[in-house]
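Protein chains: 4
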Amino acid sequence: MIRIFVTGGTFDKTYDEIRGRLSFADTHLPEMLRLGRARVPVSVGTLMMIDSLDMADADRELIVRHCAQCAESRIVITHGTDTMVETAAALAHARMGKTIVLTGAMIPYAFGSSDGLFNLGSALSFVQVLPPGVYIAMNGQHFAWDRVRKNRDSGIFEAI
Amino acid sequence: MIRIFVTGGTFDKTYDEIRGRLSFADTHLPEMLRLGRARVPVSVGTLMMIDSLDMADADRELIVRHCAQCAESRIVITHGTDTMVETAAALAHARMGKTIVLTGAMIPYAFGSSDGLFNLGSALSFVQVLPPGVYIAMNGQHFAWDRVRKNRDSGIFEAI
Amino acid sequence: MIRIFVTGGTFDKTYDEIRGRLSFADTHLPEMLRLGRARVPVSVGTLMMIDSLDMADADRELIVRHCAQCAESRIVITHGTDTMVETAAALAHARMGKTIVLTGAMIPYAFGSSDGLFNLGSALSFVQVLPPGVYIAMNGQHFAWDRVRKNRDSGIFEAI
Amino acid sequence: MIRIFVTGGTFDKTYDEIRGRLSFADTHLPEMLRLGRARVPVSVGTLMMIDSLDMADADRELIVRHCAQCAESRIVITHGTDTMVETAAALAHARMGKTIVLTGAMIPYAFGSSDGLFNLGSALSFVQVLPPGVYIAMNGQHFAWDRVRKNRDSGIFEAI
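Which chain is which? The protein sequence lines are A, B, C and D, in order. Per the numbering used here, the very first residue in the first sequence carries number 24; after that it's consecutive. Per the numbering used here, the very first residue in the second sequence carries number 24; after that it's consecutive. Per the numbering used here, the very first residue in the third sequence carries number 24; after that it's consecutive. Per the numbering used here, the very first residue in the fourth sequence carries number 24; after that it's consecutive.
Please note: incorrect hints may appear among the correct ones.
In this list, chains with the same sequence are indistinguishable; a pair is considered to hold if it fits within one copy or across any two.
[As the list claims (entries may be wrong)] Distance condition first, Cα-Cα at most 20 Å in a straight line; then the derived EDC-like pairs of lysine to aspartate or glutamate:
| hint | residue 1 | residue 2 |
| --- | --- | --- |
| 1 | 121 | 176 |
| 2 | 173 | 49 |
| 3 | 173 | 105 |
| 4 | 121 | 40 |
| 5 | 121 | 109 |
| 6 | 173 | 77 |
| 7 | 173 | 39 |
| 8 | 173 | 40 |
| 9 | 121 | 74 |
| 10 | 173 | 74 |
Hints in this document: simulated from the structure, not taken from any laboratory.
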């Protein structure tokens, strides 16, 4: 059983047609797993629905606590890309001996051209085979939490 | 560097609007890698563009030969789902000591609701971390070539 | 109130993922009207779900009878493009004094790139303002039933 | 020949993946006409690319001037929905004796579920058959410029 924690981010942004702007409603994750015909046993929980630029220390503590306390030892977290590396570091410092993979998207899934479905397939695969540790899965690659940064000009995650 | 061989299958079926039926034209793989923002170094080659029900022994020999002769030791093959397991067996019998992952789709990528993008993210991730062997990546899971079958009633790949 | 009769055609073809081929299931019309945020009062009925190449005289008689007998004087018919002109002629010969607009699609709506949503918006608009008569609405244009043919090489409806 | 003037609005909003927010780039209109297989002779020009809430008097004067001075007597304008009625009034007061249809979208076309393609098919059809006047085409309906308002709670255009 794999645990999936949803925290928001571009991955789950939607378009509020009354207000004419991006917003968060329900997560698209169950629909994405259905479209991907995923048959991996998963349990999905939403911890928060926020832009990762708005994520405070208390939010990160909440994420760490849920990862530490859940029964599963393999966890995927959907997360905004801007501070994904910070949350990965917070998780790594908690030394919980689990395999945790953070992923996200550059384009909302609700836009047809999203990288979210690709990244979800990638993260769900990496989490099944990587040894304990905290990783980021973006751009079809995986990075150890302390070997990666997001290049804000290109939007690409790079090894450091 | 990962080698990707395209062989056709539902993954790449498109709609021929003049004749009103499904057909094959160019592969959608480069577009899918672009949408997925994949940054894994890959080299894509099209070996054939056929329905896997029409795949003959000579076609499988061609696939095996290309996998054996290419420089890369990590290979993804896009393939129709109906005879994917047979081609995996042919590859396994060639004992080439490479990591080979076959994947496909139940719905053409050209249909918006395709599982192809999810499966491509999955296959590309598994191929980077699995030890040498021949695998099938479908439904978010990976299976050793001799431990899987396609359930033709449900369209799902199952462990045996 | 506008009456919409569904008869099948490319417009409503879907992909049967178990059999790996195109087929007909339920019409996509209600979903399309919802996506288009249509607020025109309509009443949708499915008369048949077939490829228009398979349409027999009895099918055309059924369509004519429903158009003649329904209460509404403005009718849209979704129809396969290959024999759309023949059905239009059958309707015209019944001289019922109603405004009837036939439309269809070159690409199934279930494919993301469909012309179906565009054509539906077009047909629904033409039917509200054209005088009694039988018309074909395709390619953003409207044609009187006896002034049009489908060019089978290009897939385009042309004035004659 | 139909003239199409692009002014921006939700219709053409796109997602800026580096900045993580909605923005305007090039218009999607040519792509939409291509997907809709439109064969009506049109000439497309972009006057501005702005949210209609940011539209000033000078912008409206520019739109009116272009409509008055262009050679075509049938014109479609893509426009943000929030102040579409105001621009329609400005056009009507110029009394140019042309058929002008304003349309827009509640969801950006770049989102797969857009009403934009439906509305474009609708506006392009109405403009071909309506007598001289200024109209709004939304929700599959057409309204004279002084007989409509946007209901901001529901996002729907209503007759008044």
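**Q.** Homo-oligomer pair classification [residue 74, residue 121; C-alpha up to 20 Å]
**A.** Classified as neither: same-chain Cα gap 25 Å, cross-chain 41 Å, threshold 20 Å.
- When no copy is specified for residue 173 and residue 49, does a C-alpha distance of 20 Å or less occur within a copy, between copies, both, or neither? neither (26 Å within a copy, 27 Å between copies)
Checklist line | Homo-oligomer pair classification [residue 40, residue 121; C-alpha up to 20 Å] | finding: neither (40 Å within a copy, 31 Å between copies)
TODO: Have a look at residue 173 and residue 105 and pick one of within, between, both or neither, based on CA distance no larger than 20 Å.
DONE: The answer is within: 7 Å in one copy meets 20 Å, while 37 Å across copies does not.
Q.
With identical chains, the pair residue 173 and residue 77 could be close in the same copy or across copies; at 20 Å between alpha carbons, which is it: within, between, both, or neither?
A. Within. Shortest intra-copy distance 17 Å satisfies the 20 Å Cα cut-off; inter-copy 33 Å does not.
Original post:
Taking 20 Å as the upper bound on the Cα-Cα distance, should residue 173 and residue 40 be classified as within, between, both, or neither?
Top reply: For residue 173 and residue 40, the Cα distance is within 20 Å only across copies (13 Å; inside one copy 31 Å).
Item to complete: Since the copies are identical, ignore which copy is meant and state whether residue 121 and residue 109 lie within 20 Å (CA to CA) inside a copy, between copies, both or neither.
Response: within (18 Å within a copy, 36 Å between copies)
message: Treating 20 Å as the Cα threshold, decide for residue 121 and residue 176: within, between, both or neither.
response: neither (32 Å within a copy, 37 Å between copies)
| task | Up to 20 Å between alpha-carbons, please classify residue 173 paired with residue 74: within, between, both or neither. | result | Within one copy only: 16 Å inside, 31 Å across.
* Asked: Should residue 173 paired with residue 39 be assigned to within, between, both, or neither, using CA atoms and 20 Å as the limit?
  -> between (28 Å within a copy, 16 Å between copies)
The structure shown violates the earlier hints numbered 1, 2, 4 and 9.
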